[in-house]
Amino acid sequence: MVTFWFLSLLFFCCIVLAVFKHKKRQKNQQPPSPPSFPIIGNLHQLGELPHQSLWKLSKKYGPVMHLKLGRVPTVVVSSPQTAKQALKIHDLHCCSRPSLAGPRELSYKYLDIVFSPFNDYWKELRRMCMQELFSAKRVHLIQPIKEEEVKKLINSVSESASQKTEVNLSKKFLDLTVSVVCKAAFGLSFHGTVLNNDGFNKLIREAFLFLGSFSASDFFPNSGWIIDWLTGLQGRREKSVSDLDAFYEQMFDLHKQENKKGVEDFVDLLLRLEKDEAVLGYGKLTRNHIKAILMNVLLGAINTSAITMTWAMTELIRNPRVMKKVQSEIRNQMRNKSVITLDDIDHLPYLNMVIKETWRLHPPVPLLVPREVMSEFEINGYKIQPKTLLYVNVWAMGRDPDIWKDAETFLPERFVDNNIDFKGQNFELLPFGSGRRICPGMYMGTTMVEFGLANMLYQFDWQLQEGMVVEDIDMEESPGLNTSKKKDLLLVPVKYLDHC
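Quick note on our numbering: the sequence shown kicks off at 1 and runs consecutively.
The hints are simulated quantities; they were obtained by calculation from the structure and are not laboratory data.
Only a predicted model underlies this, so the values are computations on that prediction, with no experimental measurement involved.
No residue lacks a Cβ here, since even glycine has one placed at the ideal position from N, Cα and C.
Estimated spans, in silico, between C-beta atoms of each pair:
id, residue 1, residue 2, range
1, Lys405, Lys324, 14 to 24 Å
2, Ser375, Leu490, 44 to 54 Å
3, Met468, Glu408, 17 to 27 Å
4, Leu490, Lys387, 40 to 50 Å
5, Arg272, Ser328, 46 to 56 Å
6, Lys486, Lys284, 38 to 48 Å
7, Leu141, Lys284, 20 to 30 Å
8, Leu46, Ala407, 18 to 28 Å
9, Asn336, Gln143, 18 to 28 Å
Restricting the straight-line Cα-Cα distance to at most 30 Å, the calculated cross-link-like pairs of lysine-lysine (DSS-like) are:
id, residue 1, residue 2
10, Lys405, Lys325
11, Lys487, Lys239
12, Lys423, Lys88
13, Lys151, Lys356
Given the sequences, and given the hints that come with them, work out the whole structure.
Put into structure tokens, the structure is as follows:
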């Protein structure tokens with residue numbers, strides 16, 4: 001009898017030990033994680049600029065890091081090797097989009113079906129956007145619009161140069177991209193609509209702030225809305241959506257009133273498909289779908305180009321040697337021509353290096369728009385579970401000293417005889433993402449940045465405001481989905497062709 005109980009106890013102990021070892025092994029398979037608090041998890045560690053906070057944490061916990069954001073399990077990858085595993089090798093396992101409250105509200109929450117990459121609706125919609133807006137052929141067709149808007153910008157800056165007054169380049173670049181995108185995609189300018197340029201630019205910035213912020217309802221689905229309501233976030237978000245909605249409605253009315261003489265822009269196409277009750281894979285295209293599509297076009301195409309041009313000019317004014325070198329390249333290529341063309345851009349390799357170096361230090365979207373894991377896979381031996389939120393910290397990768405020598409230094413020459421590109425195949429540099437979720441407007445955005453910068457650097461020399469030195473330039477980032485410069489860039493232009 002004693003032997004029976006002894007064997008039973010021994011058997012029980014073996015089972016407990018096996019379970020304990022199994023749980024420990026499972027825990028060891030989970031990525032390292034910073035200590036967390038009950039309920040809120042690691043939310044308190046994100047800070048105003050999450051990409052910077054997560055970069056600092058990754059230095060201690062590694063390039064694959066597990067966080068608990070409220071009730072949402074989250075994994076952040078911060079190296080090219082881990083990004084490649086997530087975005088290329090295991091792209092199929094994590095190319096869905098999460099239904100977060102902030103982005104869902106701003107993207108019209110009834111459009112969640114578009115976020116899934118496995119339905120015919122999503123594929124057809126992406127194909128249509130690529131063909132009608134973002135293809136190389138379309139970009140060349142809208143080049144006259146770019147040239148017209150850049151000429152307006154040059155004339156405006158020339159007036160300031162003649163009066164020796166400063167120019168707000170942050171605002172000028174945003175106005176330029178707003179005008180180009182709206183004329184190219186929507187066939188109209190913002191002048192005379194419900195919002196003027198300044199009003200619309202403010203609305204765009206608000207929308208990006210909400211998209212990049214962490215909403216309580218994102219991480220506490222059942223009760224977080226109360227916090228958002230108490231803090232006023234919900235009210236501000238609803239106002240932003242309402243203002244955008246009013247703009248879209250007025251845009252639709254203008255398109256119906258105008259006689260375009262057979263010239264159909266992107267909005268005309270969408271309205272025609274709605275009228276014809278066209279079916280795009282999943283179902284009929286509705287007015288709400290059109291608004292969501294246009295919002296994604298607006299927010300995806302406008303801010304990123306303006307932000308890149310602003311950061312590029314900021315870095316150039318801080319580095320006179322680089323400024324002089326890139327201007328010499330442009331001016332030697334132009335040989336006193338009046339305006340740069342798109343063909344001229346192909347002969348400016350150093351300008352291309354300046355832009356890549358700007359994207360390395362100042363990626364427009366520092367934390368790529370999050371993905372949601374759909375099926376289990378591994379990164380560096382760690383198991384990533386379904387329903388986990390996945391972030392790729394491209395801002396951290398651009399400052400990794402193991403990848404980049406003198407990582408904090410603005411040095412375009414690092415790309416000489418270097419095959420690293422920005423098109424999603426080199427994971428050291430991912431300003432547009434990679435895989436199935438790569439930005440479809442990459443070519444359009446790149447040509448806008450190249451064309452805008454080349455003309456500003458060709459037409460004008462640039463100086464700091466009187467009494468300022470390079471060390472006075474503020475490099476602080478603004479919070480939000482994009483890392484825009486927190487303080488506007490103010491420079492004094494000097495007309496080049498007038499004194500050369």
